[in-house]
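Asker: With chain A held as given, fit chain B onto it using these hints.
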Amino acid sequence: MTMVVLNRRNLLAVGGSVLATGVLASGVPGLLLPARADGLAPTESMSGGANNYRKGAAIVDRIGKGGFWMSGTVRRAGDGAPLAGQRIQIWAHTTEGQEHEPQSHGATLTDKDGKFRLEMPQIIPIFGQPHGHLAYDSGEFKTVFLRPVMRSAKETSLEAHFVLQPA
Amino acid sequence: MQKKGWRSARAPLIWVALALAIGVPIAKAAGSEQLAWRGPVYILAGFAGIVALGLVLVQPLLIGGYLPGLSAYRGRRAHHWIGGALAVAVVIHVAGLWITSPPDMIDALTFSSPTPFSPFGVTAMWAIFIVALLAALRRRLGLRLRTWRLIHVPLAIVIVAGSVVHCLLIEGTMETISKAALCALVLAATVKVMVDLQVWRRRRTLRGESIAPQ
Chain A
1 MTMVVLNRRN LLAVGGSVLA TGVLASGVPG LLLPARADGL APTESMSGGA NNYRKGAAIV
61 DRIGKGGFWM SGTVRRAGDG APLAGQRIQI WAHTTEGQEH EPQSHGATLT DKDGKFRLEM
121 PQIIPIFGQP HGHLAYDSGE FKTVFLRPVM RSAKETSLEA HFVLQPA
Chain B
1 MQKKGWRSAR APLIWVALAL AIGVPIAKAA GSEQLAWRGP VYILAGFAGI VALGLVLVQP
61 LLIGGYLPGL SAYRGRRAHH WIGGALAVAV VIHVAGLWIT SPPDMIDALT FSSPTPFSPF
121 GVTAMWAIFI VALLAALRRR LGLRLRTWRL IHVPLAIVIV AGSVVHCLLI EGTMETISKA
181 ALCALVLAAT VKVMVDLQVW RRRRTLRGES IAPQ
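So the sequence lines, in the order shown, correspond to chains A and B.
Count the first sequence with the UniProt record's numbering and you get residues 1 to 167, in order.
Count the second sequence with the UniProt record's numbering and you get residues 1 to 214, in order.
Source of the hints: derived by calculation from the structure; they are not laboratory data.
Careful: at least some of the hints might be erroneous.
A few chain B residues facing chain A, derived, Cβ under 8 Å [what the hints assert, rightly or not]: (1) Gly31; (2) Gln34; (3) Asp104; (4) Asp107; (5) Ser112; (6) Pro114; (7) Thr115; (8) Phe117.
We put the CB at the ideal spot given by N, CA and C, even for glycine.
If we strip away everything but chain A, and leave its shape as in the complex, we get (with noise of 0.2 Å):
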């Protein structure tokens, strides 16, 4: 379950713009999320995204034993309106086990504000970054896989935000 996309962005990663790359990959949702409601952009899915993703994750209260918070918000593209009770499967490497495994995966709906929040075990890096993967596939809106980089792997949360535009 890997996409692999050769797109401008992969080919300069080649070069010497690697890290301008990294930062600008990690950055796009926050820099897609000031409020120009009118002609919101859709969110692109992040390269490595879809990794290890794990189709039909159960919506769960809290992933393993807790102790880190995902969260972000679900809004439509153009308008930026909020989407409520849209699915966001999430999974990482956490203390409590790999990408891959079963444990490590959960899902949870977004509120009438269009926000979601899940608790999960701690992320550790994996693969030379603390990061996690978030993913919509409920199929009303195109799906989109993100793949947010912690800044520090002390940290005990992390932030994803989602632009849906229709399928």
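Answerer: Below, chain B without anything else, positioned relative to chain A:
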């Protein structure tokens, strides 16, 4: 008297320094709390990478003749075999990471990984494989010493630069200071051997090597 004392202590001190330069980063990584959350294959893959970086330090030291007690001939032979060991360490590193998380390794190998350090590591890997392959086939291909150096020196620079950047950007089991020190030593040893052997000049012979193609 003092000078004589230094001379007799110099050889063992150099070897001790080398052992510490490689041993301390490995020991610090072995004490990393990250290991508790990793499987055995992932741990093996990580340490293969650290060992590989250590071998990258040994290579310029051997070819520059900086390690006491080794004749020029034996230094070159050791350089040859350690080059092979380096290729094997890289294979273990990549294979172990592949088993740990196939999609992440495929992303890295296809230069489509989100992690900024991956392309540096993969580039260094290919440079290591090319050098190892050509070194093994050098006689059969009839490569002259000058042609060989023309190929090997630029690839050696790619290997060193790629490995150091790859390693420094990774957040993993290695402790920051011992990692940075090992990387600095790798760079310093490489620059020194390039300067001492004046690799940019057309030279007929390497330290003690015969002119005729082997």
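Asker: Could you run down the list of hints and mark each one as holding or not?
Answerer: Comparing the hints with the structure gives:
The restraint placing glycine 31 (chain B) at the interface with chain A is violated, with a minimum CB-CB distance near 16 Å, outside the 8 Å limit. Because the smallest distance between the Cβ of glutamine 34 (chain B) and any Cβ of chain A comes to about 6 Å, under 8 Å, the interface hint for this residue holds. Restraint check, aspartate 104 (chain B) versus chain A: the minimum CB separation of about 5 Å is within 8 Å; hint holds. Checking aspartate 107 (chain B) against chain A: minimum C-beta separation of about 5 Å stays under 8 Å; hint holds.
Look at serine 112 (chain B): its Cβ gets to within about 5 Å of chain A, closer than 8 Å, so that hint holds up. The closest approach between the C-beta of proline 114 (chain B) and any C-beta of chain A is roughly 4 Å, which is under the 8 Å cut-off, so the hint is satisfied. Interface hint status for threonine 115 (chain B): upheld, as the beta-carbon distance to the closest one in chain A is roughly 5 Å, under 8 Å. Against a cut-off of 8 Å between C-beta atoms, the interface hint on phenylalanine 117 (chain B) holds, since the closest Cβ of chain A lies about 6 Å away.
Comparing the model with each earlier hint shows a violation of hint 1 alone; every other hint is respected.
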